[in-house]
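J.: Chains A and B supply the protein sequences, listed in that same order.
Convert by adding 1175 to the 1-based position in the first sequence; the result is the number in this note's numbering.
Convert by adding 1175 to the 1-based position in the second sequence; the result is the number in this note's numbering.
Don't read these hints as lab results, they were simulated from the structure.
You may find that some hints are simply not true.
Heads up, simulated DSS-like pairs for lysine-lysine below, C-alpha to C-alpha not over 27 Å straight-line [what the hints assert, rightly or not]:
#1 A/Lys1235 - A/Lys1249
#2 B/Lys1188 - B/Lys1378
#3 B/Lys1235 - B/Lys1249
#4 A/Lys1371 - B/Lys1249
#5 B/Lys1249 - B/Lys1216
#6 A/Lys1378 - A/Lys1188
#7 B/Lys1378 - A/Lys1188
#8 B/Lys1235 - B/Lys1188
#9 A/Lys1188 - A/Lys1249
#10 B/Lys1216 - B/Lys1188
#11 A/Lys1235 - A/Lys1255
#12 B/Lys1188 - A/Lys1378
#13 B/Lys1188 - A/Lys1371
#14 B/Lys1371 - A/Lys1188
#15 A/Lys1216 - A/Lys1255
#16 A/Lys1216 - A/Lys1249
#17 A/Lys1216 - A/Lys1188
#18 B/Lys1378 - A/Lys1249
2 protein chains.
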Amino acid sequence: MEILIPFDNREPKTRLSPVLNRDERQQFADAMLSDVLSAIKETNHTPHLLVTTPTDRSEKVTVDDRSLTAAVNKFLSTTKLPVAILMSDLPLCTPAVIERLFSYETPITIAPGLGGGTNALVIRDRSFSVDYHGYSYRDHCQHAASNSLAVSECDSRRLATDVDEPTDLREVVLHSDGAAATWLRTNGFSLNIEQKSGRVSVKRDENNNRE
Amino acid sequence: MEILIPFDNREPKTRLSPVLNRDERQQFADAMLSDVLSAIKETNHTPHLLVTTPTDRSEKVTVDDRSLTAAVNKFLSTTKLPVAILMSDLPLCTPAVIERLFSYETPITIAPGLGGGTNALVIRDRSFSVDYHGYSYRDHCQHAASNSLAVSECDSRRLATDVDEPTDLREVVLHSDGAAATWLRTNGFSLNIEQKSGRVSVKRDENNNRE
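Construct all of the structure, not just a fragment, from the sequences and the given hints.
T.: Right, here's the structure in full:
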């Protein structure tokens, strides 16, 4: 099955600007995309990048600089179904969870993200369209219900963990050895464990400051 | 199978004190426990509460006021295996994900929590013991490896979402209609959607202030 991966390669991951400068955000976003593509390559599915500006990646590419929602709905209106849409900022993604995402037979499968977003979708019915925003999971469920389409939830921590904000980085360092985790480690990020509470965050080595 | 549910009923959820007073934290922790017990009751498994002070709950109860690690290891040393240990602060827990937790055949199954904790365990080998702390998932994996015990990861957003801090409350309001979500709604909590970013948090109605 084809897996569409929307990727804003013009101005990615602006909410990480408190800890990463513009070049670093682009490198890190690129590393997360590489993790997603690596996981897909170990399955029988085919990645298709939906980017905002041309890229020299070797995968099949569509360029569309409109909003995420408009670009995905345009793609859906012309592509063969079923199709999956997987976010590019899921560095904990594995081949196993991608296979699980496809294991449901309902017209719609959704893997919700933390915070209520929609991190992965499998669409088997042409009456469905997307509307991406912060808490889109609920709205996608309601949109499916209003079209009498059954929805399965793919219950996955790995697909739920999209990396948008500095606090999300700890999950990458904790649970991955992939490209994004390697990029973070190479650039001075490591786990910081509060002695009293045992809580985990990430800190950056002063010699690897973004300034 | 028996499912041990450790529950600190003396001073629960202190990290929620910025938004809930002591009585409220006890009520809310109790509601989360009720959600976990409700999910278990729809399976064939049997809950067993491990509490810090006596309780009038009708389930099988063991009282042990030592640390979580000491109390669980004492329980493990005397109980029949296999056994599961499930945290009480998982209000998104469903019968389906509890069944999935038991579907792995390895000696150890772990459902990691966000932030690196261990939210659920299935133990089928007596050489394993627990050591709970903030980032215990890694250490439990290493402990299993040093005893030549294979580990399965139960990849679940619902089991990963333990509610410790104010920011965790949004997941409950977003994704549940259970006792904990009802308690939050009844006590004035609702979703707050930032117009610009679309980000979701929870806010509390001023008429339901904790003061």
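J.: Given the hinted pair B/Lys1188 and A/Lys1378, is their alpha-carbon gap at most 27 Å?
T.: Status holds; Cα separation ~26 Å.
J.: Is B/Lys1378 close enough to A/Lys1188, meaning Cα to Cα at most 27 Å?
T.: 26 Å, holds
J.: Please work out if A/Lys1235 and A/Lys1249 have their alpha carbons no farther apart than 27 Å.
T.: 16 Å, holds
J.: Check the hint pairing A/Lys1378 with A/Lys1188 against an upper bound of 27 Å on the C-alpha distance.
T.: Distance of about 19 Å is within 27 Å: holds.
J.: What's the verdict on B/Lys1188 and B/Lys1378, does the C-alpha distance respect the 27 Å limit or exceed it?
T.: 19 Å, holds
J.: Given the hinted pair A/Lys1216 and A/Lys1188, is their alpha-carbon gap at most 27 Å?
T.: Distance ~24 Å between A/Lys1216 and A/Lys1188 Cα, so the pair holds.
J.: What's the verdict on A/Lys1371 and B/Lys1249, does the C-alpha distance respect the 27 Å limit or exceed it?
T.: OK: A/Lys1371 and B/Lys1249 at ~24 Å, within 27 Å.
J.: Between the alpha carbons of B/Lys1371 and A/Lys1188, is the straight-line distance 27 Å or under?
T.: 16 Å, holds
J.: If you draw a straight line from the CA of A/Lys1235 to the CA of A/Lys1255, is it 27 Å or shorter?
T.: 15 Å, holds
J.: For B/Lys1235 and B/Lys1249, compute the direct alpha-carbon distance and say whether it is at most 27 Å.
T.: Roughly 16 Å between the alpha carbons, so the hint for B/Lys1235 and B/Lys1249 holds.
J.: For the pair we were handed, B/Lys1235 and B/Lys1188, check the Cα-Cα distance against 27 Å.
T.: 23 Å, holds
J.: Hint check: B/Lys1216 vs B/Lys1188, CA-CA at most 27 Å. Holds or violated?
T.: 24 Å, holds
The structure does not agree with numbered hint 18 stated previously, though it agrees with all others.
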